[in-house]
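There are 2 protein chains.
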Amino acid sequence: MSIFKTVGKDMYSRAGVLKTPHGEIETPVFMPVGTQATVKSLTPDDLKTAGAQIILANTYHLYLRPGEKLIKKLGGLHEFMSWDKPILTDSGGFQVMSLGGSLVKITDDGVTFTSHLDGSKHKFTPEKSIQIQHDLGADIIMAFDEVAADKVGREYSEKALDRTHSWAERCVKEHKKLGGDQLLFGIVQGSVYEDLRKKGLEFISSLDFDGIALGGESIGFDNKATKEIIDWFADLMPEEKPHYAMGVGEVETIFICIEGGIDMFDCVSPTRRARNGSLYISPKNGGKVSNKFALDISNSQFKLDKKPIDPNCLCYTCQNFSRAYLRHLFFAKELLYHRLATIHNIYFMVNLVKEIRESILDKKFNSLKTSWLR
Amino acid sequence: MSIFKTVGKDMYSRAGVLKTPHGEIETPVFMPVGTQATVKSLTPDDLKTAGAQIILANTYHLYLRPGEKLIKKLGGLHEFMSWDKPILTDSGGFQVMSLGGSLVKITDDGVTFTSHLDGSKHKFTPEKSIQIQHDLGADIIMAFDEVAADKVGREYSEKALDRTHSWAERCVKEHKKLGGDQLLFGIVQGSVYEDLRKKGLEFISSLDFDGIALGGESIGFDNKATKEIIDWFADLMPEEKPHYAMGVGEVETIFICIEGGIDMFDCVSPTRRARNGSLYISPKNGGKVSNKFALDISNSQFKLDKKPIDPNCLCYTCQNFSRAYLRHLFFAKELLYHRLATIHNIYFMVNLVKEIRESILDKKFNSLKTSWLR
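Protein chains in written order, with numbering that gives the first Met the number 0: chain W, 0 to 373; chain Y, 0 to 373.
It cannot be assumed that every hint is accurate.
For chains that are exact copies, the list does not tell them apart, and a pair is met inside one copy or across any two.
[As the list claims (entries may be wrong)] When the alpha-carbon atoms are kept at most 27 Å apart in a straight line, the in silico DSSO-like pairs for lysine-lysine are as follows:
1) Lys47 / Lys223
2) Lys122 / Lys104
3) Lys172 / Lys122
4) Lys197 / Lys240
5) Lys47 / Lys306
6) Lys305 / Lys223
7) Lys72 / Lys305
8) Lys84 / Lys302
9) Lys306 / Lys84
10) Lys332 / Lys84
11) Lys8 / Lys223
12) Lys197 / Lys71
13) Lys353 / Lys363
Note that these hints are calculated values from the structure, not bench results.
Just chain W, with the same shape it has in the complex:
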């Protein structure tokens, strides 16, 4: 039985349903990030009210604190954080390389790194990453890959790609050995090189993965490069599997990705922006590409503004609080600010993607895209 079903198409964009052990997910879907087994400042109820269907947690962080063995003893990640809907964990690969300090060492066997918490030394291998993710118990787990920076050049990119492929095979093997009903996704690397990317896609598609993810430094961070890669892949990605663009969470990038056939996204952007006072607004209320669809709540123009962040938004924050009050909480450094701002930004992003899904089912993706990005 297939875990993924396409229920609607509009050119390359797809509306689908993804089956996981903790329920079905309607795609395209935005996945809020809950790094340390909590989406910053929100309860599981807040997330459900905002419409979140699945959240992401970070293997690197949970391995270091509180430890995957402890979470396993407490019944797994779902029970630990009291979230009964789907969860995806990343492999820890990106984090060990970016947070692992100057002593990170990558060999064909795995990666040694130091903890950003206490400087202690650790080693992740593909097998170890899969073991940790089995202990955590997320619905979707990710293969351990090497994310090379784009600036390292072609030669190293090729080497990192080969290593990612050998690690992918080891991940599949370890996952089969451990058993269970978790879904395992493979990750396509290959940096900015078309032939490497295509080689990566072909190889990852050939293995027994439940889904295909696009990784790499530029995905989500550089719209031009992201679009280029997505375009190369549009006719090549396996139809019957879900497609996941890692680290994508800005309005424009989401449209670019969905247009190219991507089904899943995750990004810290809505939560991080919320913290910094950047609150999403729709085109009707001044949101556009040039302001990244957000207002800056610290702006003095909102001092006496009784309107909600986005007057068309139905989130709890917009239904109850004014820009003036949020601005006050922001400057007073009040904890409530974070929660109200995060509720809005998560709701906004989750519901934008839901609106896009509707537009695909109605074959109106392009007109929706134009109304946002014009």
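Model the placement of chain Y on the given structure of chain W, informed by the hints.
Below, chain Y without anything else, positioned relative to chain W:
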């Protein structure tokens, strides 16, 4: 028409109903503190779910930021923070003297002080405090008083008491001049001296105040001194007015105060304790005077503890999350920790006082007190 009605008595302890412009309050009542127009980390909905009937906000803080004029323009404190139940504001007297820096100067006219935010110079007089509180628009406002430290000795205490009385008269006059339906409470000072306290109570009772508050350094901070003052007053406080002990919020002190006829309390203790990892537990679950009815969530014994903070508690936090998860959030410095911990501590305190109210109506105050303080 009287704003306060006693509906039950058990010795000196009273169960009553206090009428305010934003609804009736059942007393005894615990009032959570929302210093900057927010009870730290909680929404109005969280507060209602926890059973809060009235909250307190701080005039000093709101005057400095965002400013009472701005709040007035936005429709007053209730609309500003989206809280439609009663609010009490303090006079700012305690804060200007404790936070006003080393340049605080008290004269018979008022108090000059510097802002803890930007060092700017300000002056509060009794009239100014009442004007600000009228702009903020709380249901209950407080007279501007001088809170002298206990260590200043009898001579200065007497001087501060006289000043408090002259200021009380000016507050009543200004309040009448401004009109409206806010209730104004007077504050009894007099430090640790029985004759000064009694003189204070007699004077404040003689003025046209809607309620009588007990102020001073030791109230709430020193159980022995608090009990002594309450005992002096038990037969002297005007029956027909509500009695408010300022800054009281620990379990033992609450029992002491209610036993002596106090109807209202406020304290930052539940919110501050929550921040520091101190979470209330009832006697059934190990709470007692010696541990201040709290566990320390940072304790390693809770590492793998699947139980809620207090297994008999019906708050949202205890219904959904384990001590182990809260401990993880605490150490990970996650924003969600604050919210979940605060929800529990506020619920616990609000509901303890509700339970005490029931015991008064049932004439069982003493046995409830014994079951907690034995």
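Structure-based check of all given hints:
1. With identical chains, the CA atoms of lysine 47 and lysine 223 are never at most 27 Å apart, being 33 Å at best within one copy and 49 Å at best between copies.
2. In the homo-oligomer, the alpha carbons of lysine 122 and lysine 104 lie at most 27 Å apart inside one protomer (9 Å), although the nearest pairing across protomers, at 62 Å, exceeds that limit.
3. In the homo-oligomer, the alpha carbons of lysine 172 and lysine 122 lie at most 27 Å apart inside one protomer (19 Å), although the nearest pairing across protomers, at 74 Å, exceeds that limit.
4. Taking the shortest Cα distances, lysine 197 and lysine 240 sit within 27 Å of each other inside one copy (17 Å), while across copies they are farther apart (81 Å).
5. Proximity of lysine 47 to lysine 306 under the C-alpha cut-off of 27 Å is found in both arrangements, the shortest distances being 25 Å within a copy and 24 Å between copies.
6. Taking the shortest alpha-carbon separations for lysine 305 and lysine 223, neither the intra-copy value of 38 Å nor the inter-copy value of 48 Å comes in at or below 27 Å.
7. In this assembly of identical chains, lysine 72 and lysine 305 lie within 27 Å of each other by CA distance solely across copies; the values are 10 Å between and 49 Å within a copy.
8. With identical chains, the CA atoms of lysine 84 and lysine 302 are at most 27 Å apart between copies only, with a shortest distance of 24 Å across copies and 39 Å within one.
9. In this assembly of identical chains, the alpha carbons of lysine 306 and lysine 84 lie at most 27 Å apart only when taken from different copies (22 Å versus 34 Å within one copy).
10. Within a single copy, lysine 332 and lysine 84 get their C-alpha atoms only as close as 32 Å, which misses the 27 Å cut-off; across copies the closest is 24 Å, which meets it.
11. For a Cα distance limit of 27 Å, the shortest separation of lysine 8 from lysine 223 inside one copy, 24 Å, qualifies, whereas the shortest one across copies, 75 Å, does not.
12. Proximity of lysine 197 to lysine 71 under the C-alpha cut-off of 27 Å is found in neither arrangement, the shortest distances being 38 Å within a copy and 63 Å between copies.
13. Taking identical chains as interchangeable, the C-alpha atoms of lysine 353 and lysine 363 lie at most 27 Å apart only when both belong to the same chain, with a minimum of 13 Å there against 56 Å between chains.
The structure fails to meet hints 1, 6, 12 from the earlier list, while all remaining hints are met.
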